[in-house]
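2 protein chains.
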Amino acid sequence: MRLPSARTVPISPTEADVLVQRFSVPYEYPVYFTEGVLAPENPTLARALCLQEPNRRHRFAVVLDDGVARAWPSLPTAARAYADHAGDCMQLLSDPLVVPGGETAKNDPQALGRVHAFLDRLGIDRHSFVVVIGGGAVQDMAGYAAATAHRGVRVVRVPTTVLSQADSGVGVKNGVNAFGKKNTLGTFSPPHAVLCDRLFLSTLAPRDLRAGMAEGVKVALVKDPAFFRWICDNKNDLAALERNVVARLVRRSAELHLAHIATSGDPFEQGSARPLDFGHWAAHKLEVMTNHALRHGEAVAIGMALDTLYSKEIGLLGGVACNQIVSLLRSLGYPLWHDAIAKTDASGRPLVLAGLAEFREHLGGELTITLLADIGAGREVHDIDMPTMLRSIDLLLRAGT
Amino acid sequence: MRLPSARTVPISPTEADVLVQRFSVPYEYPVYFTEGVLAPENPTLARALCLQEPNRRHRFAVVLDDGVARAWPSLPTAARAYADHAGDCMQLLSDPLVVPGGETAKNDPQALGRVHAFLDRLGIDRHSFVVVIGGGAVQDMAGYAAATAHRGVRVVRVPTTVLSQADSGVGVKNGVNAFGKKNTLGTFSPPHAVLCDRLFLSTLAPRDLRAGMAEGVKVALVKDPAFFRWICDNKNDLAALERNVVARLVRRSAELHLAHIATSGDPFEQGSARPLDFGHWAAHKLEVMTNHALRHGEAVAIGMALDTLYSKEIGLLGGVACNQIVSLLRSLGYPLWHDAIAKTDASGRPLVLAGLAEFREHLGGELTITLLADIGAGREVHDIDMPTMLRSIDLLLRAGT
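Line order of the protein sequences matches chains Z and E. Each position in the first sequence, counted from 1, maps to that position plus 1357 in our numbering. Each position in the second sequence, counted from 1, maps to that position plus 1357 in our numbering.
Excised from the complex, chain Z in its bound form (with noise of 0.2 angstroms):
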């Protein structure tokens, strides 16, 4: 017999013959939007762990964020009840792993190891579940540890928080912070499934829920002119923080984020662009530079209005759409300038500036910064004007204080 050479030949010594794999992978999930998972009458979370192999009962175990654990003392008894009184589907394997809330979550380098551990003694397996009910940093520190145990086990994130809920907990990546910056090492994987549940909104701080809004204010800002104007009719009660009106700007972000990810061409991000991440160059930075006193949300809201006063500047954006832009994020209330913004080093240049530079070797390639041509249309730059950025700077000073 002579083995198949395939598709190719050798051409010389030292060419080589090749062979060329392709394969695509689909992925699917579902965002429910509930009140109340761990009510036994609420039939969301067995339903989650129920899509495939509906006749199985499937073994699960939970991750708790501390801050969730301490404003919902009885959630622990609640998900034992819940697991028994849906006993014929699903299997609670042990107490919750309760792991600190906060970006504690990704600083802490023994956080992972922790997961690891108990996911291994819990024998939890490529098609068991790991619940994870937490803000954020719990979702993306604990979606890492899963989706790297056993090469990815199943997990059902469960976001508690405005910020959560709206932006990053309903969308396919996780991670934690190594070597002083953010989101350093972790990966592209999609949950089995996503349950936003109003309820937890309730228990949060003020500061905390109007924090959250900035992503969904970002995402109308990039994509979603009705949006935006929907958001400024409804300042008042969004900056008074009203349950309903907050829910309902919670429900369209997801959408929009989901939309994003599945239309964009680039779901785990091999390109340069990242069009969802408005104002986020300079947030990262000042949450690094404040040591997360300021939370992601707020230093977003700075960011973003230090990048609209930069797209004015620049000739891309109207003034008025620049004004509407920074007095709506003024009117919701958010904290327009932080002294982090103007701390220099030793040549006098402004510290945030470095966070170009972070945020371009993060995602690798040319430097691509999204900005604003109009409400509701993001535009791509590879290139920041210094000077520019300062007069921008201070025109934030002056915006902000």
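Since the list gives no way to pick out one identical chain from another, each pair is judged satisfied if it fits inside one copy or across any two copies.
Dumping the calculated SDA-like pairs for lysine to any residue here, alpha-carbon to alpha-carbon at most 25 angstroms:
id, residue 1, residue 2
1, LYS1538, HIS1473
2, LYS1580, ARG1687
3, LYS1538, PRO1466
4, LYS1538, GLN1467
5, LYS1580, ASP1374
6, LYS1580, ALA1604
7, LYS1538, LEU1450
8, LYS1580, ASP1594
9, LYS1592, ALA1604
10, LYS1538, LEU1469
11, LYS1592, PRO1563
12, LYS1538, ARG1483
13, LYS1538, ARG1471
14, LYS1580, VAL1382
Read the hints as simulated data drawn from the structure, not as lab findings. Note that the structure is predicted; figures quoted are calculated from it, not measured.
Since the structure of chain Z is already known, use the hints to place chain E on it.
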């Protein structure tokens, strides 16, 4: 404005409304078979780096297996010269990071962090390259590090062993060992390109050449009777480790592995089936039990012999085929017995049988073991009859010693 409620409407207060997220991620990568990838006149590596963005100068770093470094002391200099020669399209950022080869790479909990720190120090971003030169274990460990840095930087694999060129190195998996088990942590991450360089095979120890060929026999047994006949026809040359014949086995084995990944319908193994893991439940366990004194390929040869005998004992496989397989494995020079197989627990049960449960746990879901219905015809079963398996172990003792 009324916010659109998309594809569903709420049904009751505890009923969820739902958005369904759907997308596909396409992958494509070339697998080159060549000789002398670092010879300046060999264009393969430069071509691999320039597959996308042919007009950019691509930044890359090298992670190097210390076994390869010892066998090829001039490799770092050659890499530097190659990069200089093709300096318009590639930029080597540093001397190679040399990491321990063999299973140590995957067992050392610090190894991953060292690669991450190396990539961070060089500012490797999502569009830069990590060229991993080494055996399967180093590919797995460094590939895992690269897959998680910035949520995935580009990897060019240069597998340097028969085992990795014929099997794991051309595939989509990476990982490290943890909690005393193989591949406990890792991801599915297709490489950017694979370069199988037969020059590296010339310095392998005979034991490693032989062990690596076991994966070729395996894929023939479960997929391709014609390839099995070719191996039988060439068994003397293969047993003598004749260079050109070994290279043809590697080439065909790689091709069958690639075809399986692309056409199985489950490239990231979300189901329970693992048809290419014939003989592997026992092999993985024996490797751990012997502290990796058994090479992976050697353990696979034993595992295949055991499951071949078991396939015959349960009446699935004919006696002639069974004898042919066992006889071929013996002709190729594999020991078919290791005293570890006979090791028992306090109750007299062979410890190797714990490999069945661990194999199930790793894959998740139902136990799925591939047996043989014929040469070239794998067949999945979902339970193992213990008395028959114990009898098969006895038969193996007689066949293998």
